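Colleague: Top line first, the protein sequences correspond to chains A and B.
Quick note on my numbering: the first sequence kicks off at 12 and runs consecutively.
Quick note on my numbering: the second sequence kicks off at 8 and runs consecutively.
In case anyone wonders, no lab produced these hints; they're calculated from the structure.
Hints may be right or wrong, so weigh each one.
Stated by the list, open to error - Selected chain B positions facing chain A (in silico; Cβ < 8 Å): (1) 66; (2) 74; (3) 107; (4) 111; (5) 113; (6) 116; (7) 118.
Keep in mind the model is a prediction, meaning the values are calculated, not measured.
A virtual CB, placed ideally from N, CA and C, is assigned to each residue, including glycine.
If you want the building blocks of each chain, they are given just below.
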Amino acid sequence: MNMISNDEIRDFVQPSRVHRRVYADADIFDLEMERIFERTWVFAAHESDIPELGDYVRARIGRREVIVVRADDGELGGFYNRCPHRGSMICNVRRGHVSTFDCPYHGWSFSRDGSLLGVPLPTGYPDEFNVDDPRNSLEPVAQIASYRGFVFINLSLTGPALEDYLAPVRDSLDNMVDRAPGGELIRDGGEFRQIYYGNWKVHVENTFDFIHGHFLHRSSWGAVKEWERDTKPGETPHMAQQMKANGLPLPEWDKIGLFGFDGGHAHIGGFYNEDKIAAQRADPAFAAYQKLLVERHGETKTAEILEIDRFNTLVFPNLILNIRFQQIRLFEPVAVGKTVLRSSCFRMKGAPEEIFHSSVRFMMSQNSPASMISQDDHEAFKNMQTALSPRDWNDRESDWLDVSRGYGHEVRHNDGAKEGVGSSEVGIRNQLSAWSRYMTGELPSTS
Amino acid sequence: MSANKSDVALHDELEAFVYAEAELLDDGKFDDWLDLFADDGIYWIPAVPNQDDPLNTISIFYEDKDIMAIRIRRMTHPANIAQSPFPRTSHVVGQVRVAGTDNGLLEVSSRVQVVEYREGDGQRVFAGKCHHTLRREGDDLKIVLKRFDLVDCDAPHTFITIPL
Numbered sequence: 012m013n014m015i016s017n018d019e020i021r022d023f024v025q026p027s028r029v030h031r032r033v034y035a036d037a038d039i040f041d042l043e044m045e046r047i048f049e050r051t052w053v054f055a056a057h058e059s060d061i062p063e064l065g066d067y068v069r070a071r072i073g074r075r076e077v078i079v080v081r082a083d084d085g086e087l088g089g090f091y092n093r094c095p096h097r098g099s100m101i102c103n104v105r106r107g108h109v110s111t112f113d114c115p116y117h118g119w120s121f122s123r124d125g126s127l128l129g130v131p132l133p134t135g136y137p138d139e140f141n142v143d144d145p146r147n148s149l150e151p152v153a154q155i156a157s158y159r160g161f162v163f164i165n166l167s168l169t170g171p172a173l174e175d176y177l178a179p180v181r182d183s184l185d186n187m188v189d190r191a192p193g194g195e196l197i198r199d200g201g202e203f204r205q206i207y208y209g210n211w212k213v214h215v216e217n218t219f220d221f222i223h224g225h226f227l228h229r230s231s232w233g234a235v236k237e238w239e240r241d242t243k244p245g246e247t248p249h250m251a252q253q254m255k256a257n258g259l260p261l262p263e264w265d266k267i268g269l270f271g272f273d274g275g276h277a278h279i280g281g282f283y284n285e286d287k288i289a290a291q292r293a294d295p296a297f298a299a300y301q302k303l304l305v306e307r308h309g310e311t312k313t314a315e316i317l318e319i320d321r322f323n324t325l326v327f328p329n330l331i332l333n334i335r336f337q338q339i340r341l342f343e344p345v346a347v348g349k350t351v352l353r354s355s356c357f358r359m360k361g362a363p364e365e366i367f368h369s370s371v372r373f374m375m376s377q378n379s380p381a382s383m384i385s386q387d388d389h390e391a392f393k394n395m396q397t398a399l400s401p402r403d404w405n406d407r408e409s410d411w412l413d414v415s416r417g418y419g420h421e422v423r424h425n426d427g428a429k430e431g432v433g434s435s436e437v438g439i440r441n442q443l444s445a446w447s448r449y450m451t452g453e454l455p456s457t458s
Numbered sequence: 008m009s010a011n012k013s014d015v016a017l018h019d020e021l022e023a024f025v026y027a028e029a030e031l032l033d034d035g036k037f038d039d040w041l042d043l044f045a046d047d048g049i050y051w052i053p054a055v056p057n058q059d060d061p062l063n064t065i066s067i068f069y070e071d072k073d074i075m076a077i078r079i080r081r082m083t084h085p086a087n088i089a090q091s092p093f094p095r096t097s098h099v100v101g102q103v104r105v106a107g108t109d110n111g112l113l114e115v116s117s118r119v120q121v122v123e124y125r126e127g128d129g130q131r132v133f134a135g136k137c138h139h140t141l142r143r144e145g146d147d148l149k150i151v152l153k154r155f156d157l158v159d160c161d162a163p164h165t166f167i168t169i170p171l
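Pulled out of the complex, with its shape left as it was, chain B reads as follows (with noise of 0.2 Å):
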């Protein structure tokens, strides 16, 4: 191993990034996550393992800026009785790896487990790998992609309304 100041330094970096993504959605604030991506950012669930094509294949998520805020707007609209009341969420988020740094993106993985609580349908568990790929504009980094491959990506579910 010959990790040296700068690479610990640049993982401890996205560590904290990573943490604190997770952090904001479990704290609700989900205008300030969104602010997270970039303008030509995408949120990816695959609905398939292994799924490399998000046009002639499905998925559970596959959403732009546009839609995101969209979703925002609607889960937090007064009508909406599939959120409420409105779903808790907990993340763990684990064995944070800097996977890459070509081309000028920050490629981070993780393992991530979300226990979700919404009270009449009670309580369960999303799994699963996390690949965030990042972009530095100015002083911040921004989402380019945050793909969330979920162990039981093609089993039946019941609905799921928030970004996990």
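In isolation and in its complexed conformation, chain A is listed as follows (with noise of 0.2 Å):
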């Protein structure tokens, strides 16, 4: 039972401060978990994930475990990771290959399109039980689809189809699938895991929050800067060059044009102009690329799709994308000041291998535990976490954060997308004003 009210919600979220409970209270951590990440379309898996028929991925939406399985006919399946019989989970690996789901515990055994096949002793059973009353399969989740390989889940009914939802930044998936020469994307490369102690919005927030890199940042990009100045390398590492990005002049930051969208979506632009991470990289594997691009799309289609350079792209509430470097990162809320972050990356199909190799050198410096430049958020998010959680909500004026910095000079445009300079917090407005309509009922809208 919740004693939050949906007007001291709507209080919580102003035009330019945010009060520090939306981060730090259990309560609003348990009503965020059925409102937002039950009631829309959440990333579970990707396609290339699962191949073969009887192939399944484990996922979790919200604070569901569920399974992902190529079914017989080879559409998605969606199912909750619970035995009907004892409540079990049936399974406990992160990934495998099934003919049938046979529950470990008592041997109730399921097809892969979740409906019960038989239980151990059958005569044992009263005769009003029934192998067929669906009250005994595998629970199937509302909602599974997928759009160009991303597969999503919505645990309710309500809301737009995932096409809908996903249309203000579905060009920024459209063009991380586009850049594949063979017009595919393969999961690849192993996933990290990496545990910090704070809320899942500031992560995602800091994604839209440019500013803090030249502060937060600063032994990371300025240790490179320092070793440049010393050593005069002949090059400097790719890993390094990812670091030494972080300390652009401050002024430069607002060159980078920053969307937010209805629904809470967003996108960012890119600031990797040097050498090995720059847009247009002038090393013979992408030169191979790029003429593998303009076979399968032509000249013209290959520079516009080339010529799209976004660092992050949330979809909205927990998934972020690079669609250059073909990363993505998911933020899994675990509890009011615990995340797991899941990064990953794919290969392209097509493209030559030292194109995939960037990426896995990219998802290492971004997103390793040892990674120079996560780690500082990370450590960040704790200490933000540890000054924000007393349980004292007083309502007294250093109880709220503020997140005014652009305000009232963002550019509205027709579509409803707000747009604002690089370290504008137009990001971080947008997506708490979504989090807020989500958390009073607003969204998703029924209609």
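Fit the two chains together into the complex; they arrive one by one in their own frames, and the hints show the way.
Modeller: Following this line, the structure appears as structure tokens:
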């Protein structure tokens, strides 16, 4: 039972400030699971994770354990990972292949479409026990759908169809796929899972807060600049170039465009301009890749595809894409002050090996537990959580966090998009506004 | 067993080397630690069990000497909040074996446990199999590869700031 009214929630998110309870109150967290994660489309898997009939992966949607399976008709199946008999998880490894789903506890057996095939010693059950009763099947999720290989689950029947839900940022997903000369992405290279002791929203917001890099990552970009100054290297390694990029002079960040869309989605432009990480790289592998892309799409469309440079795209609530390096980051909320960040990357079908190698390097630089970039962020989130968490929810001035940078200077577009400069907090305000609308039941819209 | 005296001497020499290497990390003598690496040396902690490919598969660390030098600069940089306060470690190295002496390279395997403490984050343990590939350069032994396979390499981790 929650005691937080919609009026209170509405009051927590004001145009240019936000109350600390939004990040630190465990009751708010429970409501988020129910009203956001169990009522919107949440990324669950990629189709390339389950190419063969019977392949499955586990996913976590809000508080729920689910299984995504390639069912017998080749379609996607989504089930709660819970046996209808005694409630045990059916699958306890992260991915696998099955001909039937057999519960390890008492041996109830289910087909790959979730229906009960049989139970041991069936004569022991009363006459009214019916194997074909849907209540004895694996419970299907309300909705599962794929957009160009990206599989999302919606645990409720409310809200728009997946394509419409994604509409404002669909072009980012399109661009990510269109960059593959073979027209497909294949998730590969392994997955990093990082734990940080902060609220899930602060990292999502941080990906649209570019001004922090100059300060928080000073020891990261500073170390590279000092190393370059002292050693005069022939070339600076890829990883170091990523670190150094955060040291862009402050006014430069404002040359980057930032767009927030209805429903909380957003994207922000790229800032990797140097050498190995630039949009148009001068290496032979990139030239070969570009040639393959021209063979598929022609000169004009290839130029259009490669021109799009967005460092982060947010698919609300918790999926971040980097389209140029084929990366995704998924922020899985565990508790109000604990989040697991899962990152992975894609091999572009038909692209030279070296292009994938640079995606792997990008992911290591950015998202390894040993990353000399993200560890600054995770330390900052932990410090923030510690400072925000005391459960004396008084309404003091110091209970409010400021998100006013760029407020009043957004450009409003006809489609509802709000545009700001790179140092603006418009992306954060936009996410919080969508958050408030979901939390008070205004979204998802039922029309 | 037919270990002759020179096998024993080699074992003792390499064992002393991996002990000393671990000791430099625990003592925070990171520049001296880096000097143990050959110019083409690599420091590797895979992120996937039985990993054989650092280019197509992610690693927690896969660093050449340039990146290690940058990491050490960052570790001691005054603006580094992820290492303030600086973590302290204690390595225990055991089961040291000479695993090969082919092609002028000396292969040493060992088991390592590292306890790391950082104020505010408490204490945690890293454990696994370590593999050193060493080369003689003049009178010195140099590390061509230090690979540390953690038993929980693919588990969720909080951040790791220092080489282990």
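Colleague: All the hints need checking, so say for each whether the structure fits it.
Modeller: Evaluation of the provided hints:
1. 66: holds (6 Å)
2. 74: holds (6 Å)
3. 107: At about 28 Å, which exceeds the 8 Å cut-off, the nearest Cβ of chain A leaves the hint on residue 107(B) violated.
4. 111: violated (27 Å)
5. 113: Hint on residue 113(B): violated, closest Cβ of chain A at ~27 Å, above 8 Å.
6. 116: Since the shortest Cβ distance to chain A is 23 Å, the answer is violated.
7. 118: At 21 Å from the nearest chain A Cβ, residue 118(B) fails the 8 Å test, so the hint is violated.
Taken one by one, the earlier hints fail for this structure at numbers 3, 4, 5, 6 and 7, listed in ascending order.
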